[in-house]
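Student: Sequence:
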Amino acid sequence: MSKKILIIVGVILVIAIIGVAITFNKNSKEEDNTFVLGMDDSFPPMGYRNENNELVGFDIDLAQEVCNKLGMKLEVQTISWAAKEQELDSGNIDCIWNGFGYTEERNEAMTLSNPYVKDKSMFVVKGSSSYTNQDELKGKKIGVQSGSVQEKRLNESEYGKELDEVIGYTDYLTALMDLETGNIDAVYMSQISGNYIIQNQDKDFKTFDAIGIGEESKGMVIAFKKGNTALKDKVENALNELKAEGKLKELSEKWLGADLTA
Numbered sequence: 000m001s002k003k004i005l006i007i008v009g010v011i012l013v014i015a016i017i018g019v020a021i022t023f024n025k026n027s028k029e030e031d032n033t034f035v036l037g038m039d040d041s042f043p044p045m046g047y048r049n050e051n052n053e054l055v056g057f058d059i060d061l062a063q064e065v066c067n068k069l070g071m072k073l074e075v076q077t078i079s080w081a082a083k084e085q086e087l088d089s090g091n092i093d094c095i096w097n098g099f100g101y102t103e104e105r106n107e108a109m110t111l112s113n114p115y116v117k118d119k120s121m122f123v124v125k126g127s128s129s130y131t132n133q134d135e136l137k138g139k140k141i142g143v144q145s146g147s148v149q150e151k152r153l154n155e156s157e158y159g160k161e162l163d164e165v166i167g168y169t170d171y172l173t174a175l176m177d178l179e180t181g182n183i184d185a186v187y188m189s190q191i192s193g194n195y196i197i198q199n200q201d202k203d204f205k206t207f208d209a210i211g212i213g214e215e216s217k218g219m220v221i222a223f224k225k226g227n228t229a230l231k232d233k234v235e236n237a238l239n240e241l242k243a244e245g246k247l248k249e250l251s252e253k254w255l256g257a258d259l260t261a
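Numbering-wise, the sequence shown is residues 0 to 261 according to numbering that gives the first Met the number 0.
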């Protein structure tokens, strides 16, 4: 057998082995009834690492309650937020569940649950700054999380065109650090996450509402692979039961400081 043929056969064998490994891993998760949740581990209070490096947050607690009802084992997998859709499409995760805001574009690309938490967007600026509204930020540098609904709104809106620059960050904690050092003028972010960070980290920031910048989110939703309505329906049924039992409200008050359930 020629060297060229041996190389081709070797490549085919490697591809086959990888395919078997992926299939085995997928089947193993199905057999042990594991529910794999994909999340960004720096989005408090929805999902983040505490001082002991443990993954905690509202969405994690809520997902655990859902899994308890479904008789499934919860597995939390950290992912790059910028690559979340690819992680879902590839089957590496069963859902994106981490402060995921509804948009029409996302609804077309994925199977989304009904909103379970209400959220809005806001601007965060340094407490010592003179800014009091979004119009005063025109011509300034604004930080957002890469892949977020806030980034999309600024990049597609007339308001965004009047900014000096929209800068994408891996996470909002990094964006807020840049705000503290004066590298940017404001951060445009989730109200839930922004308020939590400011209140719990004793930061010298102030905030004001974002008004009329694109279509405001209908709330936070859970994203499943397009067409996976069976799993979506199971999770939604469990969420409805938790809401009727008052557990959803209890977790919202614990993590978000108020009943923000949708």
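Warning: the hint list may mix true and false statements.
Unchecked claim - Taking lysine-lysine pairs in the DSS-like style, the calculated list, with each CA pair at most 30 Å apart, reads:
1. Lys202 to Lys68
2. Lys224 to Lys202
3. Lys233 to Lys139
4. Lys224 to Lys125
What the hints assert, rightly or not - What follows is a list of derived Cβ distance ranges for each label pair:
5. Asp177 to Asn91: 37 to 45 Å
6. Asp134 to Asp88: 38 to 46 Å
7. Asp88 to Gly256: 18 to 26 Å
8. Ser145 to Gly211: 18 to 26 Å
9. Lys119 to Gly245: 41 to 49 Å
10. Gln85 to Lys248: 16 to 24 Å
11. Ser156 to Lys242: 29 to 37 Å
12. Glu235 to Thr173: 29 to 37 Å
13. Glu107 to Ser127: 41 to 49 Å
14. Gln85 to Thr173: 16 to 24 Å
15. Gly211 to Glu104: 33 to 41 Å
16. Asn113 to Gly256: 19 to 27 Å
Just so you know, the hints here were simulated from the structure itself, not pulled from any lab data. Just so you know, even glycine gets a beta-carbon here, dropped at the ideal spot from N, CA and C.
Student: For every hint, state whether the structure bears it out.
Tutor: Do the hints match the structure? See the list:
1. Lys202 to Lys68: Not satisfied, since the Cα-Cα distance of roughly 38 Å exceeds 30 Å.
2. Lys224 to Lys202: Not OK: Lys224 and Lys202 at ~38 Å, beyond 30 Å, violated.
3. Lys233 to Lys139: The given pair, whose Cα atoms are some 45 Å apart, is violated under the 30 Å limit.
4. Lys224 to Lys125: With Cα atoms ~39 Å apart, Lys224 and Lys125 exceed 30 Å; violated.
5. Asp177 to Asn91: 37 to 45 Å: violated (30 Å)
6. Asp134 to Asp88: 38 to 46 Å: Given about 39 Å between the Cβ atoms, the range holds.
7. Asp88 to Gly256: 18 to 26 Å: violated (35 Å)
8. Ser145 to Gly211: 18 to 26 Å: Once the Cβ atoms are compared, 23 Å apart, the range 18 to 26 Å for Gly211 and Ser145 holds.
9. Lys119 to Gly245: 41 to 49 Å: violated (24 Å)
10. Gln85 to Lys248: 16 to 24 Å: violated (34 Å)
11. Ser156 to Lys242: 29 to 37 Å: 33 Å Cβ-Cβ, so the 29 to 37 Å window holds.
12. Glu235 to Thr173: 29 to 37 Å: holds (33 Å)
13. Glu107 to Ser127: 41 to 49 Å: holds (43 Å)
14. Gln85 to Thr173: 16 to 24 Å: holds (22 Å)
15. Gly211 to Glu104: 33 to 41 Å: violated (19 Å)
16. Asn113 to Gly256: 19 to 27 Å: Given about 23 Å between the Cβ atoms, the range holds.
Hints 1, 2, 3, 4, 5, 7, 9, 10, 15 from the earlier list are contradicted by this structure; the remaining hints agree with it.
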